[in-house]
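J.: Chain residues, written in single-letter form:
2 protein chains.
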Amino acid sequence: MNGSNFAITPEPPYFAVIFSSLRQGEDNDYGKTADRMVELAAEQPGFLGVESLRGTDGFGITVSYWESEEAIKNWKRHAEHTAARERGRKEWYEHFELRVAKVERAYAGPRGDR
Amino acid sequence: MNGSNFAITPEPPYFAVIFSSLRQGEDNDYGKTADRMVELAAEQPGFLGVESLRGTDGFGITVSYWESEEAIKNWKRHAEHTAARERGRKEWYEHFELRVAKVERAYAGPRGDR
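Here the protein sequences line up with chains A and B, keeping their order. If you use the numbering used here, the first sequence corresponds to residues 1 to 114, in order. If you use the numbering used here, the second sequence corresponds to residues 1 to 114, in order.
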């Protein structure tokens with residue numbers, strides 16, 4: 001079985017964007033913008049799913065899954081996303097690391113089921 | 001600058017193991033075993049770093065970074081790690097998804113510095 005936090009992804013290959021970040025300062029629309037970005041990403045062609053967590057110390061990990069590199073590039077070019085990223089750099093993040101990776105194999109457990 | 005939660009990784013390509021999991025039940029040595037696995041992984045050839053979070057609902061994301069697929073396979077075969085995985089399947093996890101991915105490109109921010 002699958003909790004609601006898990007992304008449901010197809011057989012590999014597909015792509016993952018691993019975004020690790022440390023928040024800084026006050027909310028300044030961060031929470032509502034983050035929710036909006038997840039909602040908007042889910043509407044994009046090639047979006048497969050997202051898994052996300054943030055700790056009380058402000059460190060977070062968000063992994064989004066995509067069918068292709070082209071889908072990732074198109075999402076990067078989306079105007080509302082571009083504006084949000086700009087605010088992220090200026091206002092919301094102390095530091096982040098963004099990694100684009102090709103998922104080559106995948107397993108589920110404990111019994112391989114979903 | 002870089003908070004202590006971030007993995008310090010080299011220029012791509014390298015590999016990521018994305019482990020998303022939902023805990024179940026009591027601790028049953030889970031906490032100490034998880035700590036020990038991070039300690040042990042860090043001693044393995046080809047280990048680059050790890051980023052990890054778990055929420056209060058039991059959902060967690062751990063991303064470990066490795067120089068090569070061979071390093072990942074060697075770690076998978078490690079006896080103490082194999083025993084821990086077996087307990088994970090039987091005792092600790094309601095569900096998990098494990099994805100092995102090749103990191104193709106990476107960026108840091110907000111100013112590209114570390």
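The hints are simulated quantities; they were obtained by calculation from the structure and are not laboratory data. Possibly wrong hints are sitting among the right ones.
Which copy is meant is left open, because identical chains are indistinguishable; a pair holds if it fits in one copy or across any two.
Claimed, not checked - Think about it this way: if two alpha-carbon atoms lie no more than 25 angstroms apart in a straight line, the pair counts; the simulated DSS-like pairs of lysine-lysine are:
1. 102 / 90
2. 73 / 90
3. 90 / 76
4. 76 / 32
J.: If a hint holds in the structure, say so; if it does not, say that too.
T.: Hint-by-hint comparison with the structure:
1. 102 / 90: neither (29 angstroms within a copy, 30 angstroms between copies)
2. 73 / 90: within (22 angstroms within a copy, 40 angstroms between copies)
3. 90 / 76: within (17 angstroms within a copy, 41 angstroms between copies)
4. 76 / 32: Within one copy only: 19 angstroms inside, 40 angstroms across.
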